[in-house]
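Undergrad: Each chain, written out:
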Amino acid sequence: MNWGGPAEFFAMGGYGFYVWGSFGLAAALMALEPLLLRHRRKAALTELKRELAAKQEATDEE
Amino acid sequence: MSRRLINWFKYSSPQTFYPLAGKMIPWFATLAVLFGAAGLYIGFFVAPTDAQQGEGYRIIFVHVAAAWMSMFIYLVMAFWAALGLSLNTRLSGMMASALAPTGALFAFLSLWTGALWGKPMWGTWWVWDARLTSSLILFFLYLGFIALQSAIDDPRRADRAGAVLLLVGVINIPIIYFSVQWWNTLHQGASVSLTKAPTMARTMLWGMLLMVLSFWMYAIAAALYRVRCIMLERERNAGWVYELPEVKS
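Residue numbers (the working numbering), protein chains in the order written: chain A, 1 to 62; chain B, 63 to 311.
Some clues are possibly wrong.
In silico lysine-lysine, DSBU-like type, Cα no more than 35 Å apart, as pairs [claimed, not checked]: (1) A/K55 / A/K42; (2) B/K310 / A/K49; (3) B/K310 / A/K55; (4) A/K42 / B/K310; (5) A/K42 / B/K181; (6) B/K85 / B/K310; (7) B/K85 / A/K49; (8) B/K85 / A/K55.
Calculated directly from the structure, the hints in this document are not laboratory data.
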């Protein structure tokens, strides 16, 4: 075990800004990408459902 | 033999690949989390303090993983590009497009974490040396690929144009990889190589390799998720998308 306590852990021997700046942005971006993808999938499914409903309406009218 | 060939072509159709990709995503996502947890644990709690760089060296666990993946994803995209141009399969172009934003993400992270590592160790965020400059070009190649594809309305033409760009740009990958040998640079040489024993403590090496595996699994999961979105968007006229349970319900 490397650390005397949480404060020492977050200080990273004086390199806290650089270490957490690196891991922090990596974690943020790798959390953001799946959220954006989920949004994109929902938008695509909504559009397809709308088109399907429009198609069915068109065949009902015939 | 011929039977195998037919099976491969079967899976190259979006209609059959879409459900398969859906089944694979949770597995790769789970592996990414498990490898990531193990890698972070070793990286922060097992690997010892570095004699020269103190705790600052721990950036290596995210920097090397991001940098390796940024190069590897480009090679995979170039592979799909070559396949797409020679066999004209629809899936190839979709896979290349699906990988690009994730590759760009890792290319950016490699530059970002490199800058945050360079500042305390070299005294500068950035130098225009061979390794850093060729890595910046890799990031621009990703952005260029994405911009080029979004500028062409016809997806099949966008795939072909993007594939040519990918294959031309692949020359940059060996330049990045060997830059620390070919030119004088601030950047340190390879810590891990295929021909020599690693020049780092065993626990550091394990932490790094686990982080690489985690990012790798993440990239596969993200690309499969995105390729499913691309299929839903592009295969609108194919009919099969309207038969999907998630669309019908």
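Undergrad: Now tell me, hint by hint, if it's right for this structure.
TA: Consistency of the hints with the structure:
{"no.": "1", "hint": "A/K55 / A/K42", "result": "holds (20 Å)"}
{"no.": "2", "hint": "B/K310 / A/K49", "result": "holds (7 Å)"}
{"no.": "3", "hint": "B/K310 / A/K55", "result": "holds (12 Å)"}
{"no.": "4", "hint": "A/K42 / B/K310", "result": "holds (14 Å)"}
{"no.": "5", "hint": "A/K42 / B/K181", "result": "violated (41 Å)"}
{"no.": "6", "hint": "B/K85 / B/K310", "result": "holds (19 Å)"}
{"no.": "7", "hint": "B/K85 / A/K49", "result": "holds (22 Å)"}
{"no.": "8", "hint": "B/K85 / A/K55", "result": "holds (29 Å)"}
The structure does not agree with numbered hint 5 stated previously, though it agrees with all others.
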